[in-house]
Amino acid sequence: MPEHKYTNKLINEKSPYLLQHAHNPVDWYPWGPEAFSMADSEDKPIFLSIGYSTCHWCHVMERESFEDSEVAEILNKNFIAIKVDREERPDIDHIYMTVCQSLTGQGGWPLTILMTPEKKPFFAGTYFPKQDRYGIAGLVTLLDRITDAWENNRNSLENSGNDIIDSINAFETDSHEIDVQAITDKAFSDFKKSFDCIYGGFSNAPKFPSPHNLTFLLRYWKSTAVEMVKKTLDSMQRGGIYDHIGGGFCRYSTDKKWLVPHFEKMLYDNALLSMAYLETYQVTKNERYGVVARDVLQYVLRDMTSEEGGFYSAEDADSEGEEGKFYVWSAAEINRILGDDDGAIYCSYYDITEKGNFEGSNIPNLIKSDIEEEDQNFIKACNQKLFQIREARVHPYKDDKILTSWNGLMIAAMSMGGKILGNNKFIDAAEKALDFIESKLVRHDGRLMARFRDGDTAYPAYVDDYAFLIWGLIELYESTYKPKFLKRALELNDDLLRLFNDNEKGGLFIYGSDSEQLISRPKKIYDGATPSGNSVTAYNLFRLARLTGKQELEELAYKLLNSFGTDISRFPQGHAFSLSALLFARSSTQEIVLVGDQNSEEMTKMLSVIQKEFRPFTLSMVYSEGYMELKEIAPFVENYTMINNSTTAYVCENFACKAPVANVDELVKLLDK
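According to our numbering, the sequence shown is numbered sequentially starting from 1.
Worth flagging that the hints you see were computed from the coordinates, not collected in a lab.
Treat the hints with caution; some may be incorrect.
No farther apart than 30 Å at their CA atoms in a straight line, the calculated lysine-lysine pairs in the BS3-like style are these [as the list claims (entries may be wrong)]:
(1) 285 to 222
(2) 658 to 669
(3) 432 to 631
With the sequences and hints as input, model every part of the structure.
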C-alpha cells in the first residue's frame with residue numbers, strides 16, 4: 001500500500017466507507033458531538049458527505065475532489081467536514097436525502113449537504129465535479145459561494161435551514177382505509193403500462209431489479225402478471241447484470257437490455273432476487289429459476305459469508321481502480337484459456353467479440369442466444385475453467401461489515417432456498433447467521449444493534465433491522481418448525497412496537513425512541529431498493545397473527561397500513577410490498593397444523609406438499625414430540641391430536657377449520673380446493 005501523507009479522524013472508525021477516506025487530505029470528522037462542537041466554536045458551516053463503500057460515483061468524487069489538496073484546503077479552512085456511511089446510519093441518510101429530493105427533485109449518492117452547526121440544512125445536491133463542467137457548478141465554485149454567503153448573508157442561510165426543517169417536520173401520515181381490490185388492480189395496471197415487453201422490467205434505463213415488485217405480481221396471480229415476472233427474471237439472468245461465471249447479481253443495469261451493470265454486488269439485492277427466483281420456480285416448475293436461485297445462494301456462501309456465519313454487505317464495482325475489470329474478458333483471453341475451438345463456441349454463445357460490448361472488453365451475456373441442450377455441460381465446464389482463472393485476479397473490495405437488516409433478508413432467502421430446493425446447507429447457513437446476530441448484535445440489555453465489524457458492535461437497530469430479522473425468523477420457522485424461531489420473532493416484534501410505534505397516529509418511525517434524536521423523526525412506507533420496514537412489519541404482523549392466534553397483531557397491521565393509506569393509494573406502484581401484505585390479509589389464507597412424528601415418512605410427504613408448491617397465503621406449523629414448546633406460543637395447538645396414531649393435518653381457512661385428515665392425498669385435496 002502506498003504511503004499516505006495525511007491521516008484524519010476517520011482512522012479510528014470501523015466503517016469500510018469511512019476508512020476509505022481516512023487518508024484524504026480533507027480533515028474529515030465522523031458524525032458525532034466533537035464535529036458539531038467544533039463547528040459551533042469555530043463558527044463554521046458543516047459540509048456533510050454521505051455515501052457507501054461500493055458506490056461508484058462516491059469513488060469518482062473522492063478521486064476528483066477529496067484527494068485533491070486544493071479542495072481539501074478550502075474545506076479545512078472554511079468548513080467542518082463530516083463523513084457518514086449511509087448503511088450504518090440510514091436515519092441520517094433518510095432525513096438529508098429527503099431534503100435533497102425536496103430541494104432538487106432528485107437524489108442519490110454521494111449525497112452532499114451544507115448545513116449549520118445545529119444540523120439545519122440549507123443546500124443539498126449529489127455528485128459534484130471539482131471544476132465547473134457543462135454549465136454545472138463544480139465543488140470549488142460551490143464551496144466559494146457558500147463561504148461568501150456564510151460570511152455575508154448568514155441570516156438567509158439560517159432562515160432557509162429553518163424553513164426546510166419546518167417543511168420536513170410538517171409531513172403527516174394521512175390515515176385512510178385502503179380499498180384492497182381497487183388499489184391492487186391499479187398497481188397491476190400501472191405495472192402493465194410501464195412494462196418493457198422486449199427486455200422485461202418496468203423502466204427504460206437505468207433498470208433496477210426491484211424484486212418486491214415481482215413478488216407482488218406473483219401474488220396478484222393473473223396470467224399476464226406471471227408472464228411479466230418470467231420475462232423480467234429471464235432477461236435479467238441472460239444479461240450482464242448476472243454474473244454468469246460466479247453467480248450473483250449486480251446492483252442495476254445502466255441500459256434497458258440488462259447488459260451493462262454498475263458492477264457492485266449488494267447482499268440485499270441477492271437476497272430479494274433469490275426469493276423471487278425461488279417463488280417463480282414454484283409457480284412454473286421450470287428448473288432454470290431454481291438453478292439461478294441456487295447459484296446466487298452458493299455465491300453468497302462462497303464470497304459473502306464470514307467464518308462465524310454473518311453475511312457481508314457488498315462487493316465493489318471497481319478493482320485496480322477500474323470499474324468492472326474483475327468481470328470482463330477479451331476474446332483472445334477466452335481462446336487462450338479454452339482453446340480456439342472451444343473458445344469460438346463459448347464466445348458465440350456469450351457475445352464475446354474482438355470489438356467488445358463494454359469499453360473494448362466483453363461482459364459475458366446470453367441476450368442474443370440460448371444454450372443448446374447438448375452444450376449445457378460443455379458450457380458449465382467452460383465457466384468453471386474461467387472461474388478458476390478469474391479467482392486469481394485482483395478481487396473487488398469487499399465491504400465486510402455485517403448489518404442486521406440485510407442479514408435478516410438473507411436469512412429469509414437461505415431459509416426459503418433450503419426448503420424449496422431441498423438443500424439443508426442453506427438452512428444451516430440461515431441458522432448460523434442467526435446465531436451470529438444473537439451473539440454479536442444483541443446488547444447486554446437485550447437491545448438489537450445494527451452493525452458489527454472488526455469486533456465492534458454499534459448503533460441501536462433501526463426499524464428495518466427489526467422488520468427484516470423478524471421476516472427471516474418466520475421463514476426459518478416455516479423451514480425447520482423449531483418453535484424457538486417463532487418465539488424469538490414474537491419477542492423482537494414486541495421490542496419493535498415498544499421502541500418504534502407511533503401509538504397516536506400509527507406507523508413506525510425509522511429510529512427508536514432510545515436512539516439519537518435528530519432534526520426529524522420520520523416514518524417511511526414507500527419501497528426503495530428494499531421494501532420499507534413498515535410494509536415488512538405489516539406482512540410480519542399478519543403472519544404472526546395467523547400463526548399464533550393473536551388477533552390484536554392483525555389489527556395493528558391494518559392500523560399501520562391505513563395510517564399511510566393516502567400515500568399507498570396515490571402511488572400503489574411504489575408500495576408493492578404493502579400491497580403484498582394486504583393481499584395476504586384479504587385472501588383465503590390457509591393455516592395448517594401437522595401433528596405427529598416430525599421424522600416420519602408421512603410427515604415428510606405432507607411437508608413436501610406444503611413447501612414445494614407456491615402457496616403465498618398458506619402458513620404451516622408442526623406440533624410433535626420435539627416441538628412441544630409450540631403450545632406456549634400458540635396455545636390452540638394443544639387441542640390437536642393424531643388420528644389413529646398417524647400423522648394428522650388440521651387445515652383452517654377463512655376462520656373455519658376442516659375435518660382433520662391423516663394421509664397426504666386427502667391433504668392435497670383440501671389444499672387444492
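(request) Could you check the structure against the hints above and give me the numbers of any it violates, in ascending order? (result) none
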